[in-house]
Structures are given as structure tokens and as C-alpha cells.
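Asker: In my numbering, the protein residues as written are 1154 to 1320.
Simulated from the structure, these hints should not be mistaken for lab results.
One thing to keep in mind: the hints can contain errors.
[Claimed, not checked] EDC-like mimics (lysine to aspartate or glutamate), calculated; alpha carbons at most 16 Å apart, straight line:
| # | residue 1 | residue 2 |
| --- | --- | --- |
| 1 | K1186 | D1222 |
| 2 | K1295 | D1314 |
| 3 | K1295 | D1190 |
| 4 | K1210 | E1178 |
| 5 | K1209 | E1178 |
| 6 | K1155 | E1178 |
| 7 | K1155 | D1174 |
| 8 | K1295 | D1265 |
| 9 | K1209 | D1174 |
| 10 | K1210 | D1265 |
| 11 | K1155 | E1206 |
| 12 | K1155 | D1265 |
| 13 | K1186 | D1228 |
| 14 | K1229 | E1178 |
| 15 | K1209 | D1190 |
| 16 | K1188 | D1228 |
| 17 | K1193 | D1228 |
| 18 | K1229 | E1206 |
| 19 | K1155 | D1228 |
| 20 | K1188 | D1174 |
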Amino acid sequence: MKVCMIGTGYVGLVSGTCFADIGHEVICVDNDKRKVDVLKKGGIPIYEPGLNELVKKNVAAGRLSFTTDTREGVDKALFVFIAVGTPPKDNGEPDLSSIEQVATEIGAAMRDYKIIVEKSTVPVQTGRWVRTVVERFSRHSKEFDVASNPEFLREGSAITDFLHPDR
């Protein structure tokens, strides 16, 4: 399976690395060029026990790569995961501006069928909104599905949580 993981924060980097470790080809996308440069050089911008070793192992095996180019990630994958931050606004609601930006980029980049998966922490029904945004910006393909796969990773045991989920 070919996977694009958009967002290399805690959830995106751990999830992308674990997908690679179970044999999938993963390209992680982030709009932060400095972060991507650090990852390409073998640096890990977050701490999670065992993550550094898993990243190095899967990069060396050719199953894990990093880029700032959303189009490259979307082109190479069937599954496109959205794993970007949704920090709270002053009123307590999640800020979905990063989700909207990513959905716009996915729509513009799609050339064939994709399965878009929300991994970010988002309100119920956000998938319908993501679908609308992707459709609005899709130039080549309107064939896609949207699914939700909420993150359930605990810091300090995220790799085990991903590889051996209890649900």
C-alpha cells in the first residue's frame, strides 16, 4: 500500500513511520522546510521511545521518505492521511484552518482516485466538509472517498499503541 501522511508532528510522524515499518511505502509531507530537512538528515523533531531507530531503519529500507511537496505525496499514494494540528481557538473550538489548507492542496493535486483519511482531532462531520473543500479545488479527479481514523496514540507508548491497538 502506498501512503501519503500530511503532517510530521507527533501523530503524523509516528503513524507514517509505523505504516512503513509494517511494510507500506510512505511519503511524509510537511510545509515546514526546516523540519523536513532535519528529518531527511536523520534528525527527529519529537521524542518518542524507539522512533529514532524506526525512522532510520525504514528510510534505509526505502519505505519512508519526506518532502514539502504535497503534489508529490498525493501523486505517489492511494491513501492520503491528514495529520495536521487543530489547536483550540480562544473560544475553545478547534482551529480547522490547517485542515482546510491541506484539503485544498489535496484537491488541487489529485489526478486519480484517492482515499483521504482524517487522522487529526476534528469535530464530528468534518469529513463532509473536507469532501466539499477537496471537490471545490479538484481540477482532474472528483473520484475519492473520505474516512476518519482518529488518533489514539499515547505519548511514551505511541509505537506500541499503533502496532498493537486495543480497539
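Asker: A separate judgement is required for each hint: does it hold in the structure or not?
Answerer: Structure-based check of each hint:
1. K1186 <-> D1222: Between K1186 and D1222 the Cα gap is close to 10 Å, so the pair holds against 16 Å.
2. K1295 <-> D1314: 34 Å, violated
3. K1295 <-> D1190: 33 Å, violated
4. K1210 <-> E1178: Judged against 16 Å, a Cα distance of about 13 Å means the pair holds.
5. K1209 <-> E1178: 14 Å, holds
6. K1155 <-> E1178: 5 Å, holds
7. K1155 <-> D1174: Measuring from Cα to Cα gives roughly 13 Å; hence the hint holds.
8. K1295 <-> D1265: 8 Å, holds
9. K1209 <-> D1174: 11 Å, holds
10. K1210 <-> D1265: Judged against 16 Å, a Cα distance of about 31 Å means the pair is violated.
11. K1155 <-> E1206: The given pair, whose Cα atoms are some 22 Å apart, is violated under the 16 Å limit.
12. K1155 <-> D1265: Holds. K1155 to D1265 sits at ~14 Å (cutoff 16 Å).
13. K1186 <-> D1228: With a Cα-Cα distance of about 20 Å, the restraint between K1186 and D1228 is violated, given a limit of 16 Å.
14. K1229 <-> E1178: 9 Å, holds
15. K1209 <-> D1190: OK: K1209 and D1190 at ~14 Å, within 16 Å.
16. K1188 <-> D1228: 22 Å, violated
17. K1193 <-> D1228: 20 Å, violated
18. K1229 <-> E1206: Not satisfied, since the Cα-Cα distance of roughly 25 Å exceeds 16 Å.
19. K1155 <-> D1228: The hint holds at about 10 Å.
20. K1188 <-> D1174: Judged against 16 Å, a Cα distance of about 21 Å means the pair is violated.
When each numbered hint is compared with the structure, violations occur for hints 2, 3, 10, 11, 13, 16, 17, 18 and 20.
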